[in-house]
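Engineer: One-letter residues, chain by chain:
There are 2 protein chains.
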Amino acid sequence: MAITVVGSVAYDSIETPAGRKDRCLGGAATYFSLAASFFTDVRVIAVVGEDFGPEQEAVFNARHIDTRGIEHAPGKSFFWEGSYLENLNEAKTRITDLNVFASFEPKIPEAYRDSEFLFLANIDPVLQRRVRESMPDVKLVAGDTMNYWIKDHRPALLQVLKGLDILLINDTEARMLAGNNNLVQAARGVLALGPQTLIVKHGEYGATAFFSSHSFDPKGETADHAFRAPALPLEEVVDPTGAGDSFAGGFFGYLASQPELTPAVFRRAMFYGSVMGSYACERFGTERLQQLSRKEIDDRFIVFRELTHLD
Amino acid sequence: MAITVVGSVAYDSIETPAGRKDRCLGGAATYFSLAASFFTDVRVIAVVGEDFGPEQEAVFNARHIDTRGIEHAPGKSFFWEGSYLENLNEAKTRITDLNVFASFEPKIPEAYRDSEFLFLANIDPVLQRRVRESMPDVKLVAGDTMNYWIKDHRPALLQVLKGLDILLINDTEARMLAGNNNLVQAARGVLALGPQTLIVKHGEYGATAFFSSHSFDPKGETADHAFRAPALPLEEVVDPTGAGDSFAGGFFGYLASQPELTPAVFRRAMFYGSVMGSYACERFGTERLQQLSRKEIDDRFIVFRELTHLD
Chain A
1 MAITVVGSVA
11 YDSIETPAGR
21 KDRCLGGAAT
31 YFSLAASFFT
41 DVRVIAVVGE
51 DFGPEQEAVF
61 NARHIDTRGI
71 EHAPGKSFFW
81 EGSYLENLNE
91 AKTRITDLNV
101 FASFEPKIPE
111 AYRDSEFLFL
121 ANIDPVLQRR
131 VRESMPDVKL
141 VAGDTMNYWI
151 KDHRPALLQV
161 LKGLDILLIN
171 DTEARMLAGN
181 NNLVQAARGV
191 LALGPQTLIV
201 KHGEYGATAF
211 FSSHSFDPKG
221 ETADHAFRAP
231 ALPLEEVVDP
241 TGAGDSFAGG
251 FFGYLASQPE
261 LTPAVFRRAM
271 FYGSVMGSYA
281 CERFGTERLQ
291 QLSRKEIDDR
301 FIVFRELTHL
311 D
Chain B
1001 MAITVVGSVA
1011 YDSIETPAGR
1021 KDRCLGGAAT
1031 YFSLAASFFT
1041 DVRVIAVVGE
1051 DFGPEQEAVF
1061 NARHIDTRGI
1071 EHAPGKSFFW
1081 EGSYLENLNE
1091 AKTRITDLNV
1101 FASFEPKIPE
1111 AYRDSEFLFL
1121 ANIDPVLQRR
1131 VRESMPDVKL
1141 VAGDTMNYWI
1151 KDHRPALLQV
1161 LKGLDILLIN
1171 DTEARMLAGN
1181 NNLVQAARGV
1191 LALGPQTLIV
1201 KHGEYGATAF
1211 FSSHSFDPKG
1221 ETADHAFRAP
1231 ALPLEEVVDP
1241 TGAGDSFAGG
1251 FFGYLASQPE
1261 LTPAVFRRAM
1271 FYGSVMGSYA
1281 CERFGTERLQ
1291 QLSRKEIDDR
1301 FIVFRELTHL
1311 D
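Going down the list, the sequences are from chains A and B.
Residues in the first sequence are numbered consecutively from 1, following the working numbering.
Residues in the second sequence are numbered consecutively from 1001, following the working numbering.
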């Protein structure tokens, strides 16, 4: 089944202990699309500037990603510059130039309307909601957000959460959103806001899914209603940018590729998410995702199983 | 097979967001022994003061732990006071009174000499080495240490590492010991110092074992030579004190209970370690470990499997 994703397509200048790379093709929708494209059809809604040309278009085309929803506007594409020199787990933003993104009005091509899966990447919740409402017939909606929207745009974000099946955020964001430092309690708090499933991304420690469809166990043992996928201990994290979006793409892409959403499918989707997140870190920007093969993905899936399974 | 453990038996006054408890029976050797006692025979070497009486002795007796190696010295037992109010993952030490521990000279009872497993809990590496050398015939030796010894007693610690089969430390300690911020590279650095296996404890994210018996993969994929056990997402962490020592006890206790050390046994041991660590956090001090049953342990083992396994 096809996924429509709305989010940023951008240029990133990134500095990490492994080096520096200027104007990598990035943005949440780019990472997500590339990762998901190994599993299913992906359609992007975004806006780019005049600096987005045939070379960038070719990156999407090579993965058969539908770019008819990428609007070309006068001006420059969204630009971000950040550094991981101090902390590989958290970027320090140096520059954010919204450019054409400042006046982004997502438009949904007719050809996208039969998408059964919708991913609302991390953008203004007002836009996330608009896209969600424009696609009332989708079967499953997942989304991401960030500290900025949680802190300063809470009412708009709460509206989005009501329309989400699955929310993917990191530990800090989950704790901030729920106002609770205990992860299990924070998860419960977030689930009460709307999503049936919350996936909390732990960076180098993997990710945990919490489910609201079953009530939490009064003894405090929620694990039977939770699932934890590991991350791969990596010899070198060249660039962690987009790892979370790649996780989301692998996860949601695998879900969309399956005929039925069972607990077993959900668990495998989490593992595929971790696989895509681990690959994303191996080179700057989306380089590794651009050169990946499905065989490499499935090989690493087996490595993840080995890493975690008793036998 | 029996385990001899050398380490601290102490009193802890602990403050956490869940409350405060004064003079809990604690110390690394206490947590370790209680956790390991559910799997195998445990023999303790420690020193206590006149404040350690029949009530404390009874805690060990109830779990059939051999206390003949606990020396009673004039003065007070080791006392520690710490707070987790700011950070549940790291205690802020308020008071450390070594008391009788300051002049601790471990003495190994004759009855302990046929122990096949030895655990060197976190004490002065000079003492760890002395105990190690006094028990040359043990089959497997594991140990723990902490930032203080890594920073200020490195030469003595390096001597200990040469005699260890398994080292259990946390992320910060592994990175500090190897002088490398990347966990995989740090693990390789630590393994080069002696131990065949390094278990890095990640607190609420579980623990990862790295093995030196196979060389690291040149592609940077070490996962086929690593194993990651999760921690249980807990509704309430009442007191994280001793979780690492309880992990070590569950892990090493299970290993010692098995006729053969296979990869599958090692993996199950990691899970049992996580199980014991999770129980330790549920009440102040060693309270929960004192009241635990083997059935509860095995039930939670299944929960851990559910939490991580694809099917």
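There could be a bad hint or two in this list.
Stated by the list, open to error - Facing chain A, from chain B, some residues (calculated, C-beta under 7 Å):
no.	residue
1	R1068
2	P1233
3	D1299
4	H1309
Hints in this document: simulated from the structure, not taken from any laboratory.
Just so it is clear, the structure is predicted and the values come from calculations on it, not from any experiment.
Glycine is no exception: its CB is placed at the ideal position from the N, C-alpha and C atoms.
Engineer: Confirm or reject each hint.
Structural biologist: A quick look at each hint next to the structure:
Taking 7 Å as the C-beta contact cut-off toward chain A, the hint placing R1068/B at the interface is violated, the least distance being around 36 Å. Interface restraint check: P1233/B against chain A, minimum CB-CB distance 5 Å, threshold 7 Å, status holds. This hint is violated: D1299/B has a C-beta 9 Å from the nearest C-beta of chain A, more than the 7 Å allowed. Taken as an interface hint, H1309/B checks out: its beta carbon lies about 6 Å from the nearest beta carbon of chain A, inside 7 Å.
Of the numbered hints listed earlier, those contradicted by the structure are 1 and 3.
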